[in-house]
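> If you read the sequences in order, they're chains A and B.
Counting from 1129, one number per residue, gives the positions in the first sequence under this note's numbering.
Counting from 347, one number per residue, gives the positions in the second sequence under this note's numbering.
Hints listed in this document are in silico derivations from the structure and should not be mistaken for laboratory results.
Check each hint, because a few of them may be wrong.
To be verified - With a cut-off of at most 35 Å between alpha-carbon atoms, the simulated DSBU-like pairs for lysine-lysine come out as follows:
1) Lys355/B x Lys1291/A
2) Lys1296/A x Lys355/B
3) Lys1143/A x Lys1365/A
4) Lys1143/A x Lys1291/A
5) Lys614/B x Lys711/B
6) Lys1207/A x Lys614/B
7) Lys1207/A x Lys1365/A
8) Lys1365/A x Lys1142/A
9) Lys1291/A x Lys711/B
10) Lys1296/A x Lys1365/A
11) Lys410/B x Lys1296/A
12) Lys614/B x Lys355/B
13) Lys1373/A x Lys1207/A
14) Lys1143/A x Lys1373/A
15) Lys711/B x Lys410/B
16) Lys614/B x Lys354/B
17) Lys355/B x Lys1207/A
18) Lys1207/A x Lys1296/A
Stated by the list, open to error - From the derived model, a few chain B residues whose C-beta atoms are all more than 12 Å from chain A:
19) Val364
20) Ala371
21) Phe495
22) Gly628
23) Pro714
24) Asp735
Stated by the list, open to error - Selected chain A positions facing chain B (Cβ under 10 Å, derived; list incomplete):
25) Phe1181
26) Gln1192
27) Val1197
28) Ile1222
29) Asn1231
30) Ala1235
31) Leu1281
32) Asn1284
33) Asn1332
34) Gly1333
35) Val1385
Where a beta carbon is used, it is the ideal one built from N, C-alpha and C, also for glycine.
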Amino acid sequence: MQPLEAITNTFAQKKPAFMPYFTLGYPDLATSLDVIEACAAAGADMMELGVPFSDPLADGPTIQHSTQVALQGGMTVEKCLTAVSHLRARHITIPFMLMGYINPILAYGLEQFVAAAAQAGVNGFIVPDLPPDEADELAALSAAHNLALTYLLSPNSSDERIKLVTQKSTGFTYLVSVTGITGARQELSQALGDFIRRVRVHANGPLAVGFGISTRAQVEAVGALADGVIIGSALIKAVDAATDKAEAAARFVQEMVG
Amino acid sequence: MTTTTLPKKFGPYGGQFVPETLMPALAELEAAYLHYRADPDFQAELDHLLQTYVGRPTPLSYAKRLSAKLGGAQIYLKREDLAHSGAHKINNALGQALLAQRMGKQRIIAETGAGQHGVATATACALLGLECVVYMGTVDMARQAPNVFRMRLLGADVRGVDSGSQTLKDAINEAIRDWVTNVADTYYLLGSALGPHPYPTMVRDFQAVIGRETREQILAAAGRLPDSIVACVGGGSNAIGIFHDFLPDEAVDLIGVEAGGEGVHSGKHAARFADPAIGRPGVLHGCYTYVMQDQDGQIALTHSISAGLDYAAVGPEHTQLRDLERAFYTSATDEEALQAFQALCENEGIIPALESSHAVAEAIKRAPTLPPDHIMVVNLSGRGDKDLDTVIGAIGG
């Protein structure tokens, strides 16, 4: 199956799709692969795999810490791509979105990066500091390899931005639940429903909601409105607290998908 | 309100590499800036404050003894060290704080490295009655303790940043995170001509007063334009501020001086243009420009004796000017800056900031090779009181 089609099929078959985020190389490379495998086995429909960057300005303390530890452990873009190959070799077939900042991708070389990602078995990219206005080249390369390039929207996005972003996003559109950075929140915004409805007016493709989601109740509430639910920091915290990291990840995913 | 927009890039450099949450805020900022830039009432208020509060125009001083000692070019010093709060930073801080006030934003956030921009922002906020939060790396807080105290005296909430390298780049990361979170009521007062559009253009415009004054003053003092202008380049706001008015005057050489740290091949410097193995085009803090980074695209740690030049990226307009060969960029080491610091103290009775001492160091290198009718202007961007502890540590008390 083509990488982009696999994402479309996932959203068609399962609503809402549950999409955990985990940082490649955290707390070390081998453990991160086990955690990701355990998430897939426990019922994750897709996964976002974090590519560490030294200056992750869209991330809260939990993900910042995880990427810093991964970098200290020697993680690189190259190793992230190899890690995806290893995950595919373990027969994990769910779509993988690579989530990383633009500078390490530029340093690798846009063309080489997209080609290597496609080769490794990546399905698409989320680049939080690359709005569609700056993404023409990466968008063209992604399209040429039939990979998704997913942009983000925020509750303060204007109708004009919503039109632009939903039109340019491929695979799905990533709705940030709050104006803010990643990290678990006690409560979700009451205005989230209005935000999702505002985006639906313009969007043909699936909408996944992330940032701030940490509990089963929040997953259900968001899942009733959106096509996908993304959790990152809460999974990392659950893994941090456990000795058997993979087992903790599996338990967390099972609890979230119910 | 006008709907026209400004160019987002300087050639291929600049742009808006930011989270989507900030795109509406940048559009709002650009629209407000365009509107008030053309508003005579706003300009009159800014000009009035620059005169009666900042002390503009700052003088252009002829460095007679230093020029004679070097035996070549005639050196003039543009005295931004005499601006209120001790550096050129106040020109931009006041301009943006007035803009924030007109936009109805009561809460100002800023980043600071050496503390000069933090002090300037805290000063402007105290003057205008605005709430002020300054992010500063905890390493910088330790080495610039007097400025932390100054900011607090001025009513600012100084927040230490413990992440990453705990210096300027991490302070900017944290300021951006704050802005993303509180974007509705918060104004981000960025301190140099970098970051996402429209900051590089707007900060340059607020600093361009330096070059406009210099033109008038050198014409009055020498009867003609200078042959060269020298300025230090961290983010590059003082340099672009003095260069801007002279860009069409191609006979005027423009020279930017980066921080050479312990030498540009030592790996311990902040000379983005000097070392192609580390300084390459990339994206940091919303802007495509020259960035110091490792092979994997992770941002490199920088080093300079002057905290204000200790930053991994350079303003995008400088990168364009370098490509166009309109400006020339070189570097001075920590050691050279310290020697220049002492030379200016002893020969002119001026204690310069260590940042500005890098520009003085370049003047000391060039002047003896130039004829006596060569006129050189050095932008003395700040005063050195804040650096006395560092200098005592380096050369002894």
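> Hints first: check each against the structure and report whether it holds.
Checked hints:
{"no.": "1", "hint": "Lys355/B x Lys1291/A", "result": "holds, 24 Å"}
{"no.": "2", "hint": "Lys1296/A x Lys355/B", "result": "holds, 22 Å"}
{"no.": "3", "hint": "Lys1143/A x Lys1365/A", "result": "holds, 25 Å"}
{"no.": "4", "hint": "Lys1143/A x Lys1291/A", "result": "holds, 23 Å"}
{"no.": "5", "hint": "Lys614/B x Lys711/B", "result": "holds, 22 Å"}
{"no.": "6", "hint": "Lys1207/A x Lys614/B", "result": "holds, 27 Å"}
{"no.": "7", "hint": "Lys1207/A x Lys1365/A", "result": "holds, 24 Å"}
{"no.": "8", "hint": "Lys1365/A x Lys1142/A", "result": "holds, 26 Å"}
{"no.": "9", "hint": "Lys1291/A x Lys711/B", "result": "violated, 56 Å"}
{"no.": "10", "hint": "Lys1296/A x Lys1365/A", "result": "holds, 33 Å"}
{"no.": "11", "hint": "Lys410/B x Lys1296/A", "result": "violated, 62 Å"}
{"no.": "12", "hint": "Lys614/B x Lys355/B", "result": "holds, 30 Å"}
{"no.": "13", "hint": "Lys1373/A x Lys1207/A", "result": "holds, 21 Å"}
{"no.": "14", "hint": "Lys1143/A x Lys1373/A", "result": "holds, 27 Å"}
{"no.": "15", "hint": "Lys711/B x Lys410/B", "result": "holds, 17 Å"}
{"no.": "16", "hint": "Lys614/B x Lys354/B", "result": "holds, 32 Å"}
{"no.": "17", "hint": "Lys355/B x Lys1207/A", "result": "holds, 33 Å"}
{"no.": "18", "hint": "Lys1207/A x Lys1296/A", "result": "holds, 29 Å"}
{"no.": "19", "hint": "Val364", "result": "violated, 6 Å"}
{"no.": "20", "hint": "Ala371", "result": "violated, 8 Å"}
{"no.": "21", "hint": "Phe495", "result": "holds, 28 Å"}
{"no.": "22", "hint": "Gly628", "result": "violated, 5 Å"}
{"no.": "23", "hint": "Pro714", "result": "holds, 41 Å"}
{"no.": "24", "hint": "Asp735", "result": "holds, 29 Å"}
{"no.": "25", "hint": "Phe1181", "result": "holds, 7 Å"}
{"no.": "26", "hint": "Gln1192", "result": "holds, 6 Å"}
{"no.": "27", "hint": "Val1197", "result": "violated, 12 Å"}
{"no.": "28", "hint": "Ile1222", "result": "violated, 26 Å"}
{"no.": "29", "hint": "Asn1231", "result": "holds, 5 Å"}
{"no.": "30", "hint": "Ala1235", "result": "holds, 3 Å"}
{"no.": "31", "hint": "Leu1281", "result": "holds, 6 Å"}
{"no.": "32", "hint": "Asn1284", "result": "holds, 5 Å"}
{"no.": "33", "hint": "Asn1332", "result": "violated, 19 Å"}
{"no.": "34", "hint": "Gly1333", "result": "violated, 16 Å"}
{"no.": "35", "hint": "Val1385", "result": "violated, 28 Å"}
Violated hints for the displayed structure, listed by number in ascending order: 9, 11, 19, 20, 22, 27, 28, 33, 34, 35.
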